[in-house]
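So you can see what is in the structure, the chains are spelled out below.
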Amino acid sequence: MNIQDYKITQISVFIENKKGRFYNVTKTMKDAGVNIRAMSLADTMDFGILRFVVDKPKEAYDALMDSDFIVKKNEVVAIAVKDESGGLSELLNTISNLDLNIEYMYTFVNALENKAVMLFKFEEIDEAIEKLSTANEELLKEEFFRKI
Amino acid sequence: MFWNKDRETMSREDIENLQIELLKEKIEYAYNNVPFYRKKFDDFGIDKSSIKTIEDIRKLPFTTKNDFRDNYPFGLFATDMKQIVRIHSSSGTTGKPTVVGYTKNDLETWTNLIARIAKAAGVTDEDIVHIAFGYGLFTGGFGLHYGLEKIGAAIVPASSGNTKRQIMLIKDYGATVLVCTPSYALHIAEVAKESGIDIAKDLKLRIGMFGAEPWSDQMRKKIEEELNIKAYDNYGLSEIMGPGFSGECEEQNGMHIAEDNFIAEIINPETDKPVKEGEYGELVITTLTKEALPVFRYRTRDITKISTKPCSCGRTFAKMSKPIGRTDDMLIIRGVNVFPSQIEEVLFNIEGVSPHYQIIVDRKGALDVATVMVEANANLFFDEMKKQKQFLDNINYELKSALGIDVSVKLVEPHTIERSMGKAKRIIDNRKF
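The listed protein sequences correspond, in order, to chains A and B. Just so we're aligned: 119 in the working numbering is position 119 of the first sequence, and the numbers increase by one with no gaps anywhere. Just so we're aligned: 408 in the working numbering is position 408 of the second sequence, and the numbers increase by one with no gaps anywhere.
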């Protein structure tokens, strides 16, 4: 198994908590022909951190940089979970048993039949991918987000 | 490099004797020619015999900006208009402008004092000098212009405005010296980079002579790195002549005061008493050679300190530190005196912080709330909220230790803080008193 295949590029954008800023980000993505696959927003009183997984990460990154946004690229892991009661709980139990630290996570629903997809930012991504695949969790490859 | 080596290396004793001599002369001159001073000196019982030692200057009354306003426009002039060959004035944003006049000799003196500070900064007759100070009533443009021309440099009098065009001129004409405000120098660097200019390769700049607003050593470092130059500070104000009062030598740690033309004192602005040498206080200036407009003990409102310790450059003139603020810029936040320069120092010590910042003071209920807006960039942005908060908490902590009060830091998006062509607008005080 090639660990690199399971690293999903995520794009984070700093936005001030001001009217229209979120829209400007999505508009920039739209104009670059980028489709947003999954998204989360962490916010405070003053600012927010928008995180995206998109079909064309490079295009999205370049377009945002060109529009003077503050952008960072990093990597997350996508794990399929059963779309039923206890599905997430089971996965989190596994992660805890494997002693992996989650920095944050968010969901990505309706991607697979009867399954949801969770995106995780781990402290140690290589270790997480290795351990989780050994534990037979269903990890999705980056190419999955290109197609859908 | 020296311009008037004999003068610039006089012994401290000779400086003092010269100052006493000139001060007596000017007291008599002002008494005879300016009704305002005649009345003041009479009220205080001052004549030239009152001055025996340099400390005796403290017997003289202060002159303030209000005295200029009350005698608007020409009431403080000691000569008639026939002898006046130039007029400059302040912008007058807070009322009537402050008007100053120069005789032919005054311009000659001024030109030589600028030549001195330019030489001290290492400018030679081979340099091409781009002056981006506004030309007009402001003393910066014309002041620097004639002194630099005097030493034989080639002057590009670009004046202010249109930064892209300024950069084109700097590049195409091969400017080696840049003259402007320090905040505008940073703006030039920023715009140049944005337009794809490789500053180290495409520009020939080697020296910057910056003044007209207070700036910190951290800001100097930033300018030197960004523009690939040596940045020198100089100081002056129109009321006492303009730039040329003092300027830095190659040591870059204080500005030598032209003590053969001025007497500088540092006083406690609250008590009006002199402070000990090396302590911060308000700079008070007396002109010793001005003909058109002699000024005695002018309250500059700038806070600085002075040292007469010998300098490795050989100059014997006392050195003043970069002003850390103005008595009237001093913000009183929850009863604590805060200078914008203290905030700047903290910010510039943090790796990756952009030089553009603004301090906003509001009053919420009975409490003052200060917010420091800092432009975010990739270095200051962390994908994790935890790290982002930690980073901001860290700046807050540093600011609190430096200022003694809580201020909050707010990251804003790039280019949201207004850029200035002249003096940067660092403080927005929304409090109503």
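Because the hints were derived from the structure by calculation, they are not lab data. You may find that some hints are simply not true.
[What the hints assert, rightly or not] Mimicking DSS-like on lysine-lysine, the simulated pairs with C-alpha atoms at most 25 Å apart in a straight line are:
| # | chain 1 | residue 1 | chain 2 | residue 2 |
| --- | --- | --- | --- | --- |
| 1 | B | K193 | A | K58 |
| 2 | B | K389 | A | K73 |
| 3 | B | K59 | B | K82 |
| 4 | B | K389 | A | K18 |
| 5 | A | K56 | A | K115 |
| 6 | B | K39 | A | K72 |
| 7 | B | K364 | A | K7 |
| 8 | B | K364 | A | K19 |
| 9 | A | K73 | B | K410 |
| 10 | A | K82 | A | K58 |
| 11 | B | K387 | A | K72 |
| 12 | A | K18 | B | K387 |
| 13 | A | K18 | B | K39 |
| 14 | A | K73 | B | K364 |
| 15 | B | K400 | B | K389 |
| 16 | B | K364 | A | K18 |
| 17 | B | K305 | B | K322 |
No experiment lies behind these values; they were computed from the predicted model shown.
A quick look at each hint next to the structure:
no. : hint                 : result
1   : K193(B) with K58(A)  : holds (23 Å)
2   : K389(B) with K73(A)  : holds (19 Å)
3   : K59(B) with K82(B)   : violated (33 Å)
4   : K389(B) with K18(A)  : holds (19 Å)
5   : K56(A) with K115(A)  : holds (24 Å)
6   : K39(B) with K72(A)   : violated (69 Å)
7   : K364(B) with K7(A)   : violated (48 Å)
8   : K364(B) with K19(A)  : holds (23 Å)
9   : K73(A) with K410(B)  : holds (23 Å)
10  : K82(A) with K58(A)   : violated (31 Å)
11  : K387(B) with K72(A)  : holds (14 Å)
12  : K18(A) with K387(B)  : holds (22 Å)
13  : K18(A) with K39(B)   : violated (60 Å)
14  : K73(A) with K364(B)  : violated (39 Å)
15  : K400(B) with K389(B) : holds (16 Å)
16  : K364(B) with K18(A)  : holds (21 Å)
17  : K305(B) with K322(B) : holds (8 Å)
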